[in-house]
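Here is what each chain is made of, one letter per residue.
There are 2 protein chains.
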Amino acid sequence: MDLAEQLRNIGIENISSSPSQMYCYCTDASQIRGMPECVVRPQNTEQVSDIVKFANDNGIPLVARGAGTGMAGGAVAIKGGIVLDMSGMDRIISVEVENLQVLVEPGVVHSKLNEVLKPHGFFFPPDPGSSEMCTLGGLIGNNGSGMRSVKYGTTRHYVLDLEVVMADGSIIHTGSKTLKSITGYDLTGLMVGSEGTLGIITKALLKIHPLPKARSVMLASFETAEMAGEAVVRTLASGIVPSACEILDSTTIQALKSYDPQLDLSNAGAILLFEVDGTSGAVREGIETIKEVCSSLSFHTKAAEDTAEAERIWSARRMVGAAISRIDPKRTRVYVGEDIGVPIKEIPVMLSHIHKISEESGIPIMIYGHIGDGNLHTGMAIDLLDSAQMETVNKIADRIHRTAIMLGGTVSAEHGIGAARAEYVRMEKGNALDVMSAIKKALDPKGILNPGKMGV
Amino acid sequence: MDLAEQLRNIGIENISSSPSQMYCYCTDASQIRGMPECVVRPQNTEQVSDIVKFANDNGIPLVARGAGTGMAGGAVAIKGGIVLDMSGMDRIISVEVENLQVLVEPGVVHSKLNEVLKPHGFFFPPDPGSSEMCTLGGLIGNNGSGMRSVKYGTTRHYVLDLEVVMADGSIIHTGSKTLKSITGYDLTGLMVGSEGTLGIITKALLKIHPLPKARSVMLASFETAEMAGEAVVRTLASGIVPSACEILDSTTIQALKSYDPQLDLSNAGAILLFEVDGTSGAVREGIETIKEVCSSLSFHTKAAEDTAEAERIWSARRMVGAAISRIDPKRTRVYVGEDIGVPIKEIPVMLSHIHKISEESGIPIMIYGHIGDGNLHTGMAIDLLDSAQMETVNKIADRIHRTAIMLGGTVSAEHGIGAARAEYVRMEKGNALDVMSAIKKALDPKGILNPGKMGV
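Protein sequence lines, in the order shown, are assigned to chains F and G. According to the UniProt record's numbering, the first sequence is numbered sequentially starting from 1. According to the UniProt record's numbering, the second sequence is numbered sequentially starting from 1.
Hints listed in this document are in silico derivations from the structure and should not be mistaken for laboratory results. Bear in mind the structure is a predicted one, so any value in this text is a computation, not a measurement. Treat the hints with caution; some may be incorrect.
Note that the list lumps identical chains together, so a pair holds whenever it fits in one copy or between two copies.
Within a straight-line C-alpha distance of at most 27 angstroms, the following computed BS3-like cross-link-like pairs (lysine-lysine) qualify [unchecked claim]:
#	residue 1	residue 2
1	213	151
2	112	213
3	118	291
4	291	207
Whole structure, please, built from the sequences with the hints as guidance.
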């Protein structure tokens, strides 16, 4: 009796196991592949609990999946078994503005939540690039963040409580409905970022934040990436906390200019994009202060004169992912070594290391990202059918990861560890990995929850 | 051979075991008592590791202690054994303003860190009332916060990495030197608030924040506590995030006025104290907005006209703890039921429950605290030698705790669970406590680390 049949026998519905459907679930936005035996689409917590209990009783791997936008294979069933497609559990259960919180199911798409919150004058601050597609369950599982984390922090800061189905099928609440509670261990924080290896999230109580009254952006152009790095350090020390602080390196700038020749970007070694939000006075003051701080290092600064101009500047930033195709239209972007973070002071060093790696390997590497918290994204494009090229970028990624760790940094600041970066957890965390594995073993003794991920 | 001698035999120094010294270590700011067999004052991580390993090998309870300012018995050796007095490990090892971080030992006193950071234009935002005494190790162990957490969050948000000695004596690093990393489970967040039950913190890498350029305060007086609660809800929804939002109820106001008749406080049902910080324009706008929002509910608002006046207002707030003695100078304040938190919308309900409990028991209860995140402190004073009174306040505390839980709240928002509130963890957290206990068991199988605390 195959797995789908066994599940049907215990009353589970919405099961697929046809090869064509399994193919749709065999990967995410990474290069990781793994074919599940079947996919189940639960509609509520009790169904999830039944499925997890079945999997645990029978030692069957179980992988929760939202929209599959992950970049590290976190939602890929590399050991086979069951994929739990959580996208059908997509209700926004309640919006409690007075309590500064919303209760959601994990399948809610990120941008949908912010649409619903906008008329209330609120928003959910984490802002992943995949906002239009990714689900909140995936965002929480990966502790995602985005451009505004320099001011607003990561997803972990906005999760008040999670309903979680544990490996044995029991259902717990990790947190509290209050904004501040220290009763017991921080199970909420532990579940956030655990990529479905410790439990399956079935509901999330999220803290929301009032929408800022005003927002403005400015660009500063620098001769070298080092000077841009120095400007970031000085800006953050000036007492202004920008709501975004992004870098575009020279390769990225060239790709953008060739993608859209109308874009008014300097031929700089690096451009910083700053956003400030708050009350209108605070925004004015913030932009002025940043301009002043940058003036001795930058050869050109430009503040957006109105919302439309700010929007044009942001569009350019958002185009980065697509622009890489302009380097060579026959190539496809691959996500490897794309999410490192380093201490702020090490950013110029990291940038020059990546430039060196790019030169030595002959593969152009775009660098952009959330420099305000040390998170740099790299972009490489290859001919996917050329296995030698894939091997080259994997080697590049390995060098990038090792360099980041050497500088006191991390192999993933926001995209996830999954299977793609699992081998680096020991290198980065040392014997703390043993503590993580002990926790994994205690909460999932049979190892059924997303096996093969995160190095645990 | 007694414990002190055994420790000396393995090369440990700085051990005390005289009854008079043990007496100094037998309690904290709570009513919990427990006599250790000896106290050791380690000077570095290796010594801590040696002591922990010895305790683990011999199954001896081990309690880490900073300044003993805790209000729940967290640092009290209720099962005897060894107290590790960490106050001698008090170096500020490095201040790296460019990386927005400092590396400290756990014995550093909170206010000392902010003194050192001030000339750099930075500060460490968590602001416990015990700032002048409490150590950072204790603050981290309890995930302390304070008046400014409504804007800045709790200690957990500012811990980047911890060096921790685990129960087996091994030394791990939980986090990263980068501002954002998602490699592995959030062991940092797990250790923060675990009250020394999972490991002994020997170093902490803390994130620092630029000092705001300006800061101002205002008071708003309300006929009833309910109206004050409504004003808080509207203020938080207005888009302004105050840096403090405190409530003083009528009992607290009367105690303050009798403590210092010069204090210019209205005879109100409740007074809210708001602080706004940021750039000077933002502060002006913030205060104006709050004034406007409160105007239809408050019968009197008053913004501080200068720094001196703001300081006078803050002094009144800080006097609250002492002022309680004015209710009856022969009584001593006891800390029981003093740290609940409820969802913001439930604050007026909680306030009226406490008023009712106070009336029914005949014990005056002051209420004040960080209403902006739902955290209410209560103050009761009794004759400590009268055991009937102690019994009465314990019954009151029990009713307060149960009411908070019933309203979706917590028995401790920032002071700690320790031994004093351990019995409520199951009530508040349900079967999530089993998950906590499984983690405790996995990381400290012999149960030597701070046994009898947190309900695990």
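Tested hints:
For the homomeric pair residue 213 and residue 151, the shortest alpha-carbon distances inside one copy (16 angstroms) and between copies (17 angstroms) are both at most 27 angstroms. For the identical chains of this complex, residue 112 and residue 213 are intra-copy neighbours only, at 21 angstroms inside a copy versus 37 angstroms across copies, given an alpha-carbon limit of 27 angstroms. Taking the shortest Cα distances, residue 118 and residue 291 sit within 27 angstroms of each other only across copies (24 angstroms), while inside one copy they are farther apart (30 angstroms). When the C-alpha separation of residue 291 and residue 207 is checked against a cutoff of 27 angstroms, the pair qualifies only between copies, where the shortest distance is 25 angstroms, while the shortest distance within a copy is 33 angstroms.
Taken one by one, the earlier hints all hold for this structure without exception.
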